[in-house]
Amino acid sequence: MELDSKCPTGPIETRWDRHQFSLKLVNPANKRKYTILVVGTGLAGGSAAASLAELGYNVKCFCFQDSPRRAHSIAAQGGINAAKNYHNDGDSVYRLFYDTVKGGDFRARESNVYRLAQVSLNIIDQCVAQGVPFAREYSGYLDNRSFGGAQVSRTFYARGQTGQQLLLGAYQALERQIGAGAVEMFPRTEMLDLIVIDGHARGIVTRDLMTGKIESHLGDAVVLGTGGYGNVYYLSTNAKGSNATAIWRAYKRGALFGNPCFTQIHPTCIPVSGDYQSKLTLMSESLRNDGRVWVPAKKDDTRPASQIPEAERDYYLERRYPSFGNLVPRDVASRNAKAVCDEGRGVGGTKLAVYLDLRDAIDRLGKHVIKERYGNLIDMYERIAGEDPYQEPMRIYPAIHYTMGGLWVDYNLMSTIPGLYVIGEANFSDHGANRLGASALMQGLADGYFVLPNTINDYVASTKLEKADANNAAVRDAEEQVLQTTSKLLHNKGTRSVDSFHRELGKLMWEYCGMSRTAEGLKLALSKIPGLREQYWREVKVLGSGEELNQSLEKAGRVADFFELAELICLDALERNESCGGHFREEYQTPEGEAARDDAHYSYAAAWEFRGVGNRPDLHKEPLTFEYVHPAQRSYK
Amino acid sequence: MSTIAIHPIHRAVRFYEAPIGKKAVMAITGVMLVGYVFAHLLGNLQIYSSDAEQINRYAGFLHNPANAAALWAARSVLLLAVALHIIAATQLWLQNRAARPIGYVKKADLPASYAARTMIWSGPIVGAFVIFHVLHLTAGKVLELRELGPNMPDVRYNVITGFSNPWISGFYILAMILLCLHLYHGMWSMFQSLGISHPRYTPLVKKAAAVLAIAVAVGNCSIPIAVLTGLLTY
Amino acid sequence: MKIILHIWRQRNADDKGRMARYEVPNVNEHMSFLEMLDVLNEDLIAKDEEPVAFDHDCREGICGMCGSMVNGVAHGPKPGTTLCQLHMRFFKDGDELYLEPWRARAFPIVKDLVVDRSAFDRVMAAGGFISVATGSAPDGNAILVPKEDADRAMDAAACIGCGACVAMCPNASASLFLAAKISHLGLLPQGQPERHERAVAMVAQANQELFGACTNIGECEAVCPKEIKLEVIARMNHDFLLAKLAGRGAAEEG
Chain A
1 MELDSKCPTG PIETRWDRHQ FSLKLVNPAN KRKYTILVVG TGLAGGSAAA SLAELGYNVK
61 CFCFQDSPRR AHSIAAQGGI NAAKNYHNDG DSVYRLFYDT VKGGDFRARE SNVYRLAQVS
121 LNIIDQCVAQ GVPFAREYSG YLDNRSFGGA QVSRTFYARG QTGQQLLLGA YQALERQIGA
181 GAVEMFPRTE MLDLIVIDGH ARGIVTRDLM TGKIESHLGD AVVLGTGGYG NVYYLSTNAK
241 GSNATAIWRA YKRGALFGNP CFTQIHPTCI PVSGDYQSKL TLMSESLRND GRVWVPAKKD
301 DTRPASQIPE AERDYYLERR YPSFGNLVPR DVASRNAKAV CDEGRGVGGT KLAVYLDLRD
361 AIDRLGKHVI KERYGNLIDM YERIAGEDPY QEPMRIYPAI HYTMGGLWVD YNLMSTIPGL
421 YVIGEANFSD HGANRLGASA LMQGLADGYF VLPNTINDYV ASTKLEKADA NNAAVRDAEE
481 QVLQTTSKLL HNKGTRSVDS FHRELGKLMW EYCGMSRTAE GLKLALSKIP GLREQYWREV
541 KVLGSGEELN QSLEKAGRVA DFFELAELIC LDALERNESC GGHFREEYQT PEGEAARDDA
601 HYSYAAAWEF RGVGNRPDLH KEPLTFEYVH PAQRSYK
Chain B
1 MSTIAIHPIH RAVRFYEAPI GKKAVMAITG VMLVGYVFAH LLGNLQIYSS DAEQINRYAG
61 FLHNPANAAA LWAARSVLLL AVALHIIAAT QLWLQNRAAR PIGYVKKADL PASYAARTMI
121 WSGPIVGAFV IFHVLHLTAG KVLELRELGP NMPDVRYNVI TGFSNPWISG FYILAMILLC
181 LHLYHGMWSM FQSLGISHPR YTPLVKKAAA VLAIAVAVGN CSIPIAVLTG LLTY
Chain L
1 MKIILHIWRQ RNADDKGRMA RYEVPNVNEH MSFLEMLDVL NEDLIAKDEE PVAFDHDCRE
61 GICGMCGSMV NGVAHGPKPG TTLCQLHMRF FKDGDELYLE PWRARAFPIV KDLVVDRSAF
121 DRVMAAGGFI SVATGSAPDG NAILVPKEDA DRAMDAAACI GCGACVAMCP NASASLFLAA
181 KISHLGLLPQ GQPERHERAV AMVAQANQEL FGACTNIGEC EAVCPKEIKL EVIARMNHDF
241 LLAKLAGRGA AEEG
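Residue numbers (the working numbering), protein chains in the order written: chain A, 1 to 637; chain B, 1 to 234; chain L, 1 to 254.
Take the hints with a grain of salt, since some may be wrong.
In silico DSSO-like pairs for lysine-lysine, Cα to Cα no more than 30 Å straight-line [unchecked claim]:
1. L/K2 <-> A/K367
2. A/K351 <-> L/K2
3. A/K488 <-> A/K464
Which bits of chain B does chain L cover? Going by a derived footprint, with three or more residues having C-beta under 8 Å, they are [what the hints assert, rightly or not]:
4. 92-104
5. 190-196
Keep in mind that the hints were calculated from the coordinates and are not lab data. No residue lacks a Cβ here, since even glycine has one placed at the ideal position from N, Cα and C.
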């Protein structure tokens, strides 16, 4: 299969403009004749559904939660980047573009990233107009802070609840369209399959989570904004319901999966406290602006933090990376935390944690300033860990947070199935091998508000779409498959709960395909996962019926997909014999222990094609070329 | 969202239909009733005047046929306020009961909201007391009232003999304590209902409401207590 | 430690429902409340009993999906905390806890502790927004917002739509929820053009959803996990009353 990224060429500054001009438009009066199905109501899905409805399309929108406002974008804390240069500190669209390509370790398309940086300006304007209460200075102007690895202040924020406020902005825009009758909303409805008719994505099969009813929805294009797949690891910062089912079933219907092994570990999460742990809670890395990361200099030092004198503390990030210090990118910060813990210098009961210490900042700025900046994060830490960060340093440890990989899409955000668009974290497009802080919100909203509503017109205008027929064999087949899977899970009469399997899979993945990976470990994981998957289908126990709310059944379907996806992640990680961004292969590192890329062989996006469960998928490669930002070893020294 | 010209009566009905409209009606009628309570308290306290005839002169002034029109105008306004207050409260109560048809097996009551939660009981009990109070000291249906002359009730005598009965005094004191709770909540809550709130001033309003509500209760209750303890005699 | 739970079990909307008693031994003090329920559910599954259905998603106190009454208090005894962030160190060995779903006519029970809060979405659809189409916004700094206004708007905007206010209110009123949104948008310059219509439209919709009326009790404020203040309700009343006096927003009620 030839992968056509449809990226424009020529001067990068004008690529998006020229491309937009080349796209066909749909007559406003005709738009209402087209139905677009949007799955997911996070920043990407919610903003896309609202914007498409504003344009005049008929929109049907789906989410598995009880309300579109619950999507997990809501949990993003720190902020959203935009190249406004309001602070006159040398920022520009070009610099944001440059930082993002470099931060992504040269594994993203330049054209996409440049567009993202351009559109970032409009996002802030749009959100302000919607009433997002961004932080302000006393003058009334928008406030900014520097964030996660950036040397300019380009991050806009709303306390520690930026994701919530941006999502509520999109949700309100969506509710406005629902109220106006332009969007038909289906909450507590889960997409369980994609309907492909004559090679085009024409609909989805859903299950009504309240009644269990399996139903098909047909339309002219399908948009997936269903988020990432971090929950493959069981413990992650994702919401419990976050899942890969929508993109995975689309993958099984022919959409290629891009860079599945690019997973991001977030360095500042509250550590695991016991076996019952159900999720990990992230604390915004904005804390690293003022907090200093350290561990005891000696191994197995059991003294409480307050009794360890300054000279016996190792501020290892400041020591190893003098110019970026505690603000090194997430992958670097995470790996270093693992390294010091592996050396036996971890802290806390499990020895799998490092200190994040606000003491010096409190001394320098006063407690009130720290409280103003991070009050809600500190409160949250205290609630969960039961310790007061104003008195003793917080304990943090890395956790799975974001997945840069996702369904492969071209410059128009269309997957390899015509008419299937994938936006936000669900696609693989803009972050390469590592995402910079405060860029996820930017990408979700860029895709949903500004990119997709422009590119989808071209498909609708240039494709002859006969009305999809509910009696089409493809519809019947998809419904039948969903019914079969559901019934199989319910009648399995197994012995083990869904969660017990999910935990086991998660442990395996974290151990062999987590923060650092080896060929040997990955091969071991690949030998174990298929067996575990088969065991799952034999032994899983799902009680209750399919005709009512059944949370075990919902989980069971999602975990079944995680098993298949886990295998693909490991395969991709094994195939990529280099270290880049979030993908760190121990065999490939510089003498200083930094990730060593292999641009000669791996400067491509991996796109995997499904060949049946248990069969090896086909690998397609989209070569990446860099005309503006020339690949170099990332250095944060 | 547009402005459409509608008939003022229609508009008033729609205003009242909304729960916030009903609460506004309760707040405004509440202001009037609170005003009456304070005026009444000032009238009552004249019983402590060194001039024993002071309170009777005041009663005589109110009962003077020359002032009858004004008196009845005031009484009508008050009765209307009471009626609206009660009707709105009852309608809200019915709406609120319907809003939770099945209650909790276990429901904690938060202490801070005691006065507010008991409005629906303190209101009717105070209302019943008011009826009794009017029958007792205005209509003379409980004890026979003494008059010094036509339209000249001997208030001092009637009050003191009435309160010499511990049952009457007891009911009076109980009603005043409930009135205190009712007034405390009502006096700050009317601001809230009318949309007046400020982080700096609302706590002061609440304190002022508490002080005034207690002042009313203490002022009024002092009379039966003074009678029962023999400090106030005829 | 051991915790004894009395949980409302109800198969579906038509079922009458009942309280059921469970014991959870080996509760660890570092567990979150929902993790304790996970442990119970694993136990029930092992015994071939259907697990307790409860809504939850982010488990970090922001999505607003979780929540139940714990001993008659919405989200449990710790103020300013959602159920998912309530940790078991807050309880002691042998505690008996009553878990009940939010109860309001506007929130029909779906199953066990799960209720249908779609009434909130309909209230939002009636007017909880600023009508700005994508692409039409001026530069972000073209609209100045005094810091204090922005901060107060943010205080109100922190609402997570969990429904604890309705559940705790003796009147099952949604006023705190409505008023949080009306205040958030009404405090910002961007929200002024629709300010009065918004208040009227949202209040009218809430009435249609059969929520109760606010009688200024304040139990909502006491249990709100985001500590939204009663002051927002005064603001809503103010906007609503002014709108009515000016005859605005009449179309919304028709």
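The hints, checked one at a time:
no.	hint	verdict
1	L/K2 <-> A/K367	violated, 39 Å
2	A/K351 <-> L/K2	holds, 28 Å
3	A/K488 <-> A/K464	violated, 38 Å
4	92-104	holds (count 10)
5	190-196	holds (count 6)
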